[in-house]
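Next come the chains, spelled out residue by residue.
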Amino acid sequence: MAKYEALRPSGARALLVLGISDVVALEDEAAVKVEVKHVSAWGRWARDVAVPVDAADVIAELGRHFDIVWASEWGHNAHTAFGEALGLPAEPWPFLPVQFDKLAAIRNYARGLPWVWIDGDVVDLHPQDPEDGEGIILRVDPGVGISGLDVGALVAAVEDLAASADAP
Amino acid sequence: MDTGTAYGLRLGSPLHDLAQVGQGTGYGEVLRRYWQPVALSEDATTRPKRLKVLGEELTLFRTRKGEVGLLHPRCIHRGASLYYGGVEDDGIRCCYHGWVFDTEGKCLEQPCEPEMGLHRDRVRQPWYPTQERYGLIWAYMGPSDRKPVLPRYDTFENLPEGEQLIVDDNGVGGGGPALLDFNWLQHWENVMDPFHVPILHARFSGNQFTPEMALIPEVSYEYTSNGVRSIQMRSLGDGRELRRVTEVMFPNLRVVASPKLASGQTNMIGWVVPEDDTSFRIFTIARDADPDFLKKLRSTHEGRPWADLDEADHQRLPGDYEAQKSQGDISLHSEDHLTTTDQGVAMVRRMMAKQVKAVAAGNDPAGLIRDETKAVVPVIGGNYFQGELLTEEQREAVDD
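Protein sequence lines, in the order shown, are assigned to chains C and Y. Going letter by letter, the first sequence gives residues 1 to 168 in my numbering. Going letter by letter, the second sequence gives residues 1 to 400 in my numbering.
These are computed hints drawn from the structure, not numbers from a lab. Quick reminder that beta carbons are idealized off the backbone N, C-alpha and C, glycines included. Errors might be hidden in some of the hints.
Restricting the straight-line Cα-Cα distance to at most 30 Å, the calculated cross-link-like pairs of lysine-lysine (BS3-like) are [unchecked claim]:
(1) Y:Lys147 - Y:Lys52
(2) Y:Lys295 - Y:Lys260
(3) Y:Lys354 - Y:Lys374
(4) Y:Lys296 - Y:Lys65
(5) Y:Lys147 - Y:Lys49
(6) C:Lys3 - Y:Lys374
(7) Y:Lys49 - Y:Lys354
(8) C:Lys37 - Y:Lys354
(9) C:Lys3 - Y:Lys357
(10) Y:Lys357 - Y:Lys296
(11) C:Lys37 - Y:Lys357
(12) C:Lys33 - Y:Lys65
(13) C:Lys33 - Y:Lys147
(14) Y:Lys52 - Y:Lys65
(15) Y:Lys357 - Y:Lys374
(16) Y:Lys357 - Y:Lys52
(17) Y:Lys106 - Y:Lys52
(18) Y:Lys295 - Y:Lys357
Just a sample of chain Y residues kept apart from chain C, beta carbon distances all over 12 Å, derived [as the list claims (entries may be wrong)]:
(19) Asp17
(20) Tyr221
(21) Gly344
(22) Arg349
Computed beta-carbon distance windows for the label pairs [as the list claims (entries may be wrong)]:
(23) Y:Gly328 - C:Leu125: 18 to 26 Å
(24) C:Pro92 - Y:Leu165: 45 to 53 Å
(25) C:Asp101 - Y:Ala307: 39 to 47 Å
(26) C:Asp121 - Y:Ala307: 56 to 64 Å
(27) Y:Arg10 - C:Asp121: 46 to 54 Å
(28) Y:Asp364 - C:Asp141: 15 to 23 Å
(29) C:Asp121 - Y:Leu11: 38 to 46 Å
(30) C:Gly112 - Y:Lys260: 54 to 62 Å
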């Protein structure tokens, strides 16, 4: 157990793996409406970040369909720092403390559960594709992030994924 | 049953894309898009000097007419090293068969060949462009068609009466030897880790700086157009507040104001220049009235310089060198558990990854200057006590 072991998901639903930067904190010039939020980690530090105004709604909708897990260099601060800005539940979601080339960590965490991983492409130092039926990688425009995400289409895609995995 | 024992431990790997510096590596190509300090001006003489920069062996010399040359050392004739060459008016002569190369690698003579070399203008000794500024030799080691302007820094321009520029290549800020024997990134990213200061530099090393630096600061971080900045607020308990601003500028600058809390804009900048993947030098430029300013700045351990410590002292009073060197020749970044105090480090790594991708895509990395009229870089880093104001130029730079 030298490495951090994240809390296990319920196993009842597909996983939604979320990066932070480029996803809910836009680092490029924003192409969507954003609000600058002053986020803080336990008062130790603070940053002003540009959050799409509809990010909270998108994440709330995602939360109705998926078990959400953070996967980012923000570590356990992800939920704390963005709790207010994104209207997150008080009970923090699990997190994978990984900054680059996250696929192995996601795969290891999912243990066969279907997953969707939403992130910016900066994290892909060595891009890898998922294996057939394993999961879906969604790369966002760093000026848009998660804004306007078609959650319904994503849910359908994951159902297709699960169906194809179940097929003989 | 015992759990979590070291039995069967498999260690991870470095972030090579960010840590390695050779040609063709991710960040090695980023570093090569900027001018790098490679030596003190005084080190370029008519006696050739061996240099190693970004994993490349080089020969530095100054012709008798005063021009600086930085050449690949292996003579293109048959490989003898130009380190043993003789410097002349216009270039350096190989000791083996006397081929002469100027500071741009052009072959001026092949004395054993007919007519001094009928085809000498068809060969070229590999070379790098150099410039001299602020008492340093700067080299551009990247693709010729991407060469940028060599920046100036406002803190070194228009020196106040009585102040002078001071340069140093003895590892100021490294807390150890002049040539630091581990990967450069371990040092550079440490600049964005203000939380280690009250622990390493107060709790462990004894108060290496000032009592104020032992206070855990409240920090805010921000990306800038050319790097990452941390702003550390410390309430000093006497009604004053210290606003300490530290910056990393790309690709390898450390903008760290005096930890002894000299007031105002920093008077010094360091360049963390890798010799190779596992060693680096720090070139520091400072302005001060005291020519020994940088020597006096070197941190001590209970009043003693690092070089005077024995092994037991290093264990009892570890400083930056002990902490960073002990991370490994190249740290195993995949083993890191980045957490609350590592936000700045994570931001640096992320911005580095962006530059790796930008360069790989054929674009310029952050902060590169192509317009000579914009060559002066504003420096924000410094120690600002409550009530101290930034200049208008600094304020604009912050707002940008």
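Ascending list of hint numbers which this structure does not respect: Of the numbered hints given earlier, those the structure breaks are 4, 6, 7, 10, 12, 13, 18, 19, 20, 21, 22, 26, 27 and 29, listed in rising order.
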